[in-house]
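*Asks:* Next come the chains, spelled out residue by residue.
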Amino acid sequence: MILTALLAAALPVVFSGGDENRYTRVPAPGVRYRMNVAAATSAPWVDSNMWRYRRAPEKAYLADARDKSVALIMAEAHAEDIALAVQAGLGEKKEFDSMLDFLRSLPDGPAGAWTDFTVSEDGSAQAGEAMNLLTRRNLLYGVAKPGAAADFRLTSAIANPYDFMQQVREKVGDDRRLLRLFGSDLTLARAARQGNRVRLRLVNYGSRPVESLRVRLRGSYQAAHIKAHVYGHGSAKVSDLTVNAGYTEFTLDRVPVYAVVDLTGE
Amino acid sequence: MHRRYFLAGSVAGAGAMSREADADPRYRIITPYKSSPRYEIRGRVVRVFSEACIRETTAEANPAVVREMFQAGMTRLTGDKDPRDSWRRWFSKADVVGIKVNASGAPKIMSHPVVIAEIVRNLLETGVSESNIWLYERFPDQLASIGYARFLDAKVNIHAVEPYRGRLSEYDPKTYVEVNFFGEEETRSNMIRMVTERFTRIINVPNIKDHGASGVTGCLKNIAYGSFHNVARSHAFSKTHTKTFIGTLATVEPLRSKTVLHVMDGLKGIWHGGPFERDPRFAFYPKQILFGTDPVAMDRIMRDVVESKRKAEGAVSVFDRSQATTEDVKPLDPNKNRYIREPGHIEFAAGLGLGVADIKRIRLEEIRL
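One line per chain: the protein sequences are A and B, in this order. Positions 14 to 279 (this note's numbering) are the ones given, in order, by the first sequence. Positions 8 to 376 (this note's numbering) are the ones given, in order, by the second sequence.
These are computed hints drawn from the structure, not numbers from a lab. No experiment lies behind these values; they were computed from the predicted model shown. Watch out, some of these pointers could steer you wrong.
[What the hints assert, rightly or not] Below are the DSS-like pairs computed for lysine-lysine, each with C-alpha atoms no more than 25 Å apart in a straight line:
| no. | chain 1 | residue 1 | chain 2 | residue 2 |
| --- | --- | --- | --- | --- |
| 1 | B | Lys115 | A | Lys240 |
| 2 | A | Lys72 | A | Lys158 |
| 3 | B | Lys337 | B | Lys115 |
| 4 | B | Lys367 | B | Lys115 |
| 5 | B | Lys162 | B | Lys100 |
| 6 | A | Lys250 | B | Lys181 |
With these hints in hand, go ahead and build the complete structure from the sequences.
*Replies:* Written out as structure tokens, the structure is:
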């Protein structure tokens, strides 16, 4: 039996699965634990679809979750607010239902993306890889509409996407980035803001929960106004909160495949 | 409430991209802790030799001889007649003492359990309770391979803070060094939380070892790289930033002030391939223990021990900076090495005020039993 469901925004819709041509297939996300040759760190390689979703959020996507982590597939789609059809077998049903329950339990959050900069892109493979690397480093960007001004142009002329990503990072400045995560190379984030309300969506691609994920976020927030919703754990408190020079830091004790943090600023 | 303050410089941001390749990285130290007074004897090192301290065929140490070495070394260091008075200069009943062992090359080379047991015995004599003594390391697999528990009272704690690589739970989120070496995203190295919040005193127990990145590893590297997370990122390709990173980490409070005593276990050493014993022929037996409060002076003395042994074995100096040495590396060739070593981390640490590196100003006293 194949379960198929359409994930659109937070609300899934069961769907027949008969019109596959409507969808753009995406590979299953995950992590490859391979050592990079002579790298500075042994950080594993994250296969994420978040950049694809950000590139074309209007499309509907199809992912084969059989024998894969259906929770992760659902989490990254939810984080990017895109429509996703999931093919899953009975073996994934429990996890599918569990994640669906979690997504349904989330309160409404702010809708507008919160980013550090915008990019324009020409649809090339080089631009796609640059977006992938920006996403993997949690350099939060929005994609400008065609013809609109953007802070950075991603084109096929990018010879080395990694160097390009580092140049963008340097121009933005680590200290000035609206979000940084410490304690996990495998957690990717998306932020949304509306007025003084902020929502962080944290997708952990690793095979084990992140213990003690440190979050540094632009703005001043008090502990009472930070609510973490953690998949499999319900609501969770944050610890070791500091507010300094316009930034707030806190620790999430445990981040399994997905966590959503709602904050209200001062 | 602790005050957050900046001790040094401004961060490079993603400055690794724009730095000159050989320029020193820019570090930012974040700590709410300040320096606190302790009994220090700068520039002084006491070295005690004994031919009978360890059996080379089995690496088995002689507890009675080791005890004698401690008594001679500690009393000479402090000038006291009774070794208990020496220990009481730093430790009292109220203390919670961390013992930073070195397990990075375990189970073949490590702070010897007999040496650790003698330290614990002396602490107990000063009134420190068993449950307030903590042997600590970062990684449990290395620590467990030694079997310290067989040599110690059951109430003495043996603890590794990072059960899998990268877990931050037992590191202090408010005490860290921030630096971007090679464009890595994880730019912080946080201090172990037990160091900041639990321990009142720390004893550092390194070995005498060659080190592929830092040239040698002794007091400074053991306490620095062993008390912070995310430190191996300082090496990439043939380049290593150990020259500046080791001393920088060692200056961070409260680690610096709480580390009151260094006991260098030189019963057995490694002259090539460190911090591991990659081959039995790279092990040697200096049969000595060094005592001091000055990690720089002790490492300066230790470096000569390793360098002399390498010279005797016909191996290139730890100061060799030839790029050819780093090419076509064969693990068991003592004239090859993956990195250009940085033994100058000792002089760099002296420049940060951590101790005396000038050999002419180091007062080395030697005792032969």
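*Asks:* Is the hinted pair Lys250(A) and Lys181(B) satisfied, with a Cα-Cα distance of at most 25 Å?
*Replies:* 18 Å, holds
*Asks:* Within a Cα-Cα threshold of 25 Å, do Lys115(B) and Lys240(A) meet the stated pairing?
*Replies:* Violated - the C-alpha atoms of Lys240(A) and Lys115(B) are around 49 Å apart, more than 25 Å.
*Asks:* Does Lys100(B) lie within 25 Å of Lys162(B) when you go C-alpha to C-alpha?
*Replies:* The given pair, whose Cα atoms are some 16 Å apart, holds under the 25 Å limit.
*Asks:* Do the alpha carbons of Lys72(A) and Lys158(A) lie within 25 Å of each other, as the hint requires?
*Replies:* 15 Å, holds
*Asks:* Between Lys337(B) and Lys115(B), does the CA-CA distance stay at or below 25 Å?
*Replies:* Holds, because 21 Å separates the two Cα atoms, which is no more than 25 Å.
*Asks:* Just to be careful, I want the Cα atoms of Lys367(B) and Lys115(B) compared with a cutoff of 25 Å; is the pair within it?
*Replies:* 34 Å, violated
When held up to the earlier numbered hints, the structure conflicts with 1 and 4 and fits the remainder.
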